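Chemist: Residues per chain are reported as follows:
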Amino acid sequence: MKRFLVICATLLIPAAAAWSLDQADADHLLLRTGFGAPISSEQMLFPLSKAAAVDELLSSVRSTPVTSLPVWANRPPLLPPRQTKGENPNAIIAARLHYNAELNAQDKQLQAWTIREILSTDSPLTEKMVLFWQNHFTSSFMKVRSPLLLLRQDLLIRKYAFGNYREFLHAIAKDPAMIIYLDNETNRKGNANENFAREVMELFTLGVGHYTEADVKAAARAFTGWRVNPGSGKFFFDARQHDNGQKTFLGKTGNWNGDDIINIILQQKQASLFIVEQMWRQFISPTPDLKTVELLASRFRESNYDIKSLLRDILTSDEFWAAQNRGNLVKSPIDLLAGTIRTLDISGFNTDKNDERVAAVSAELGEPLFNPLSVKGWPYDTGWIHSNTLLRRDEVVGYLFREFVRVNGSQLSWAARKALRSSVMSLSYELE
Amino acid sequence: MLMIAVCTFQSLQLFAAEAPVADWQRTLVVVELAGGNDGLNMVIPYADPLYYSDRPTIAVPKDQVLRLSGTLGLNPAMKPLLSSWSGGDLAFVLGAGYPDPNRSHFRSIDIWNTASNSDQYLQSGWISRLFDQDHPPASNIADSFIIGENHDGPLAGPNMRNIALNSIGGFVREAHILAGVHVGSSDSGPLAYLDAVATDTRSAAARLAILQNKLPHFATKFPATPFGRQVELAAELLGAGATVPVIKLTLRGFDTHGGERLVQDHLLAELSGALASFRSAMIERGLWKNLLVMTYSEFGRRVRENFSKGTDHGTAAPMLIMGGMVKGGFYGEEPSLSNLDHGDLKFTTDYRDVYQTIASRFWMMDNGNAIERALGRNYPQLDFLPQ
Numbered sequence: 001m002k003r004f005l006v007i008c009a010t011l012l013i014p015a016a017a018a019w020s021l022d023q024a025d026a027d028h029l030l031l032r033t034g035f036g037a038p039i040s041s042e043q044m045l046f047p048l049s050k051a052a053a054v055d056e057l058l059s060s061v062r063s064t065p066v067t068s069l070p071v072w073a074n075r076p077p078l079l080p081p082r083q084t085k086g087e088n089p090n091a092i093i094a095a096r097l098h099y100n101a102e103l104n105a106q107d108k109q110l111q112a113w114t115i116r117e118i119l120s121t122d123s124p125l126t127e128k129m130v131l132f133w134q135n136h137f138t139s140s141f142m143k144v145r146s147p148l149l150l151l152r153q154d155l156l157i158r159k160y161a162f163g164n165y166r167e168f169l170h171a172i173a174k175d176p177a178m179i180i181y182l183d184n185e186t187n188r189k190g191n192a193n194e195n196f197a198r199e200v201m202e203l204f205t206l207g208v209g210h211y212t213e214a215d216v217k218a219a220a221r222a223f224t225g226w227r228v229n230p231g232s233g234k235f236f237f238d239a240r241q242h243d244n245g246q247k248t249f250l251g252k253t254g255n256w257n258g259d260d261i262i263n264i265i266l267q268q269k270q271a272s273l274f275i276v277e278q279m280w281r282q283f284i285s286p287t288p289d290l291k292t293v294e295l296l297a298s299r300f301r302e303s304n305y306d307i308k309s310l311l312r313d314i315l316t317s318d319e320f321w322a323a324q325n326r327g328n329l330v331k332s333p334i335d336l337l338a339g340t341i342r343t344l345d346i347s348g349f350n351t352d353k354n355d356e357r358v359a360a361v362s363a364e365l366g367e368p369l370f371n372p373l374s375v376k377g378w379p380y381d382t383g384w385i386h387s388n389t390l391l392r393r394d395e396v397v398g399y400l401f402r403e404f405v406r407v408n409g410s411q412l413s414w415a416a417r418k419a420l421r422s423s424v425m426s427l428s429y430e431l432e
Numbered sequence: 433m434l435m436i437a438v439c440t441f442q443s444l445q446l447f448a449a450e451a452p453v454a455d456w457q458r459t460l461v462v463v464e465l466a467g468g469n470d471g472l473n474m475v476i477p478y479a480d481p482l483y484y485s486d487r488p489t490i491a492v493p494k495d496q497v498l499r500l501s502g503t504l505g506l507n508p509a510m511k512p513l514l515s516s517w518s519g520g521d522l523a524f525v526l527g528a529g530y531p532d533p534n535r536s537h538f539r540s541i542d543i544w545n546t547a548s549n550s551d552q553y554l555q556s557g558w559i560s561r562l563f564d565q566d567h568p569p570a571s572n573i574a575d576s577f578i579i580g581e582n583h584d585g586p587l588a589g590p591n592m593r594n595i596a597l598n599s600i601g602g603f604v605r606e607a608h609i610l611a612g613v614h615v616g617s618s619d620s621g622p623l624a625y626l627d628a629v630a631t632d633t634r635s636a637a638a639r640l641a642i643l644q645n646k647l648p649h650f651a652t653k654f655p656a657t658p659f660g661r662q663v664e665l666a667a668e669l670l671g672a673g674a675t676v677p678v679i680k681l682t683l684r685g686f687d688t689h690g691g692e693r694l695v696q697d698h699l700l701a702e703l704s705g706a707l708a709s710f711r712s713a714m715i716e717r718g719l720w721k722n723l724l725v726m727t728y729s730e731f732g733r734r735v736r737e738n739f740s741k742g743t744d745h746g747t748a749a750p751m752l753i754m755g756g757m758v759k760g761g762f763y764g765e766e767p768s769l770s771n772l773d774h775g776d777l778k779f780t781t782d783y784r785d786v787y788q789t790i791a792s793r794f795w796m797m798d799n800g801n802a803i804e805r806a807l808g809r810n811y812p813q814l815d816f817l818p819q
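Sequences listed follow chains A and B, in order.
So for the first sequence, the working numbering puts the first residue at 1; every next one is plus one.
So for the second sequence, the working numbering puts the first residue at 433; every next one is plus one.
The hints are simulated quantities; they were obtained by calculation from the structure and are not laboratory data.
Everything numeric in this text was worked out from a predicted model, so none of it was measured.
It is possible that some hints are incorrect.
[Claimed, not checked] Subject to a maximum C-alpha distance of 30 Å in a straight line, what follows is the list of computed DSBU-like cross-link-like pairs (lysine-lysine):
(1) A:143 - A:234
(2) B:759 - A:376
(3) A:143 - B:721
(4) A:85 - B:741
(5) B:721 - B:759
(6) A:376 - A:308
(7) A:234 - B:741
(8) B:494 - B:511
(9) B:778 - A:189
(10) B:511 - B:778
(11) B:778 - A:217
(12) A:143 - B:741
(13) B:741 - A:217
(14) A:108 - A:353
Starting from the given sequences, assemble the full structure and let the hints guide the process.
Modeler: Here is the structure:
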C-alpha cells in the first residue's frame, strides 16, 4: 500500500485517479451519508478519490431546507384555550378538542414535511445529520405538544448540524422545545427539577459514570430560570427564578449559570470521546475502536469542536472504508423506506398523501418522527428488528417494488435492477 | 426414523428426571411500567402525616384513598382491582429496590431487566438466563410474546425465541409473504440475526395460523385503551390455547416530573381497568390458576414533590402481583418516610426476591441449582405464592 503511494507520487499520477471509487465504494459512501444509492449520485462520485468524494459531499451540505415550510411555520404558537368567567363549560371543552385536533394535524404535517425533504433534497447528508442530532438531542411531540416549537428546533439543528459543537450545545440548551421536553420550564430556585441537568450529562455530553448525583443537583440549580415565553415560544431568562448561590460542579466552585455548566462539561476530555463514539456508531459500526476514537476526539478538540472536520475525519478514516464495516448496520425504518424510494426513483411518488403514508409506516416500524419513545432516542442496528417489524419491513419493501413495476410497466431500469440485486436476498436489503 | 429417535430421547429424559420438573403450562405476564412509577401515589401510606406534608399538592386526600389496611391504601384510580383484592389474589411487594440505587432511567431499567447489582453490567435478561438453565419446551409457539412495545428487557438473550406481535391475524398474513424469502448465508453479524428472527417468525406464524381458528369469545369486555388492547391480545392468545411461559406488556408515561396526578392517575386507571378485565376473562376460561401478573418499573420517585406538582427520579416502589395462585396481601415492609437516603426511600425488599420466588414457586424451577446459576445466588423467597 505504502509503496504504491510512493510510485504514484514519483510518476506524478494524480492520486485521485489512482484511487477513484468503484461501485461498491460509492454505494457504501452514499448509503452511509444519505438514503439509497441513486445512479445519478453514484455517477457523480465515480471519477473522484475517496477523499475528494467526501469533500464533494461535505462542500455541498445545506443548512436550510429545500422544500417550503408548513403554512403555520410563521404563525405565533397556538395557545391552549382558557376558561373565562361565566363561560359555558361546554364551550371550553369544544375549544380544547379543537385545539388538540389542530395540534395533531400539524404534527402529521410536520412529519410529512420531513419525509418530503428527505425524498427530494439534493443534500441527503444534511437529513442524515438532522436525524442523528434529533436522536441525540431528543424531544418529542407527546411531551412538547407544539409542532411549531419542534419545527423551530429542526431548523436550529439544520443550522448547527455541521457547525461548531460548542455553539450547538449552548443553543440547544436554550431551545424552547428542549426546555419543555426536559422540564426546565419548572426548574426554579429552591425547587430544582433535575431532568434537564441529568440528561444533558447522561445522554447529550458525558455518559453515565462521568458525573455524580451531586453534580446533577448543582447543574440543575445552574439552569434554574431558563424558560420559555408562552406567547412567543421563545427562550427567556427568568432572573427571579435563578439560583445565584455557589455551586460545585465537576470539582469547580462558583456562581455558575447554565452556560458555565456547558463550558465546564466541554473542558472534560470525556465530552469529545462521547460524541465521537456516537458518530462512530452512526457512520462506521456498532463497536467503536477506542484507540481511533481517542485520536478522532483529540483532533475534534484541536479543531475547537468543528463538527464538519470531525465528520470528514470519520468518513476518510480507514475504519469507515474497511470491508468488515460495510453492510454491517441494520437500516433504520427511514433509511429503509427513503432509501428504497430514492434508489428506485419511483416517478410520481412525491405526493402529500404518500409523504403522510411513509411517515405513518415509519412510525409502525418503530420510528415515529419527532416522537421517540424515550429521551434515549431511537433503537439502533439489530434493535430495529423484531418478528413484527421484520414482517412489516418485508411487506413494505415488496410493496414499493410492485409500485415501481406498476408505474414503469414491466421494464426494469438499471436503477431497479441494481436495487433488486441488493435485495434478491430480501433480508440483505435491510442492511446498509 | 427421526420420530423414533425423538421418542427414545424423550423417554430417556422422562426416566432420568428425578428432580421436580418445571411447570411450563404456566404463564407469567410481565408488565413494565415505563418511566418510573411513583409507588407512593399507587400504594399510599395514608396514615403517615409525612406523606401529606411532603406532598402538599399531589398527595391523594385521605378520604379518597381506597383503604386496604390500617396504614396503606390504593390510589382511587385503581378501583377496578378491588374485586381482586377482596378475592384474595392481589398482592403488593412493598419497598422493592436494590442497594446503591441508580437514578438514570436506562441504567436502572437495565438493572431490573438483568437482575444485576448496581455496579454490575450483565448482557442478558433474568428470564432468559433462567431459561438457559431449564429451557421451556421447543414445541411451544415461542418462549415469549412481546406485545405493545418491542422491548425484550428481561427476555433479551441469544437463545430466546421472542415473538413480538400486535395482532394474530396481521402477523399470520404478513408472515405468509416472508415465507418465500431467500435468506442470505452468514454465520454472524446482523444478517445472521435477521435470519434467526425470520426463522422464528415463520415457525411461530405457522402455529399461530392454527390458533386463529380457535379464538375465544369472552363475555368479559376489555377497555378500549391502548393497554386494554395489549391485554386483550394476551387473553386471546391464552384463551386460544397458546402455551407460552412469558408474555411481556408495556405501559409507558410514568415519568411524572410535572402535573403528576393527572398523568399517573390516568395511567393507573388504564392499568387497573385492563388487568381487572384480564383476570375476569381468564377466570371465565378456567385459566387464571396458571397465570401470574407482575409489574415492575425502573424506580419509584422522590418522596417530596417538586415545584411542578410532580416528582423527580427516586428509588424503591411496590410491585403489583396478581394471579390464581397468589395469596393476596402485603409482603415486605413499607419503607419509612422519615428515615430517607438523600430524600429517597430506602428499599426494604430486594427486587430479586420476587424473581427467585417466581422461578421457584411459579415455574417450579427448583431442580439442581438452576436459579442460583441464573441469578448469581439464591435470594430469599416471599410467600405471595404457596411453597
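Chemist: Next, verify each hint and record whether it holds.
Modeler: Going through the hints against the structure:
This hinted pair checks out: residue 143 of chain A and residue 234 of chain A have alpha carbons roughly 17 Å apart, not beyond 30 Å. For the given pair, residue 759 of chain B sits about 38 Å from residue 376 of chain A by alpha-carbon distance, which is inconsistent with the 30 Å threshold. The suggested pairing of residue 143 of chain A with residue 721 of chain B is violated, with an alpha-carbon distance near 40 Å, which exceeds 30 Å. For a cut-off of 30 Å, the pair hint linking residue 85 of chain A to residue 741 of chain B stands: about 25 Å separates their Cα positions.
Taken as a hint, the residue 721 of chain B and residue 759 of chain B pair is honoured in the structure, with Cα atoms around 12 Å apart against an allowance of 30 Å. Simply put, residue 376 of chain A and residue 308 of chain A have alpha-carbon atoms about 24 Å apart, close enough for the 30 Å limit, and the pair holds. Taken as a hint, the residue 234 of chain A and residue 741 of chain B pair is honoured in the structure, with Cα atoms around 24 Å apart against an allowance of 30 Å. Proposed proximity of residue 494 of chain B and residue 511 of chain B is supported: the alpha carbons are some 15 Å apart, at most 30 Å.
A hinted pair counts as satisfied when its Cα atoms are at most 30 Å apart, and residue 778 of chain B with residue 189 of chain A qualifies at roughly 27 Å. Taking the CA atoms of residue 511 of chain B and residue 778 of chain B, the gap is near 28 Å; set against the 30 Å cutoff, the hint holds. Straight-line distance between C-alpha atoms of residue 778 of chain B and residue 217 of chain A comes to about 20 Å, which keeps the hinted pair within the 30 Å bound. Restraint check: the Cα-Cα separation between residue 143 of chain A and residue 741 of chain B comes to about 16 Å, which is no more than 30 Å; the hinted pair holds.
For the suggested pair residue 741 of chain B and residue 217 of chain A, the alpha carbons sit about 19 Å apart, so the restraint of at most 30 Å is met. With a CA separation close to 11 Å, the supplied pair residue 108 of chain A and residue 353 of chain A stays within the 30 Å bound.
Of the numbered hints stated above, those contradicted by the structure are hints 2, 3, listed in ascending order.
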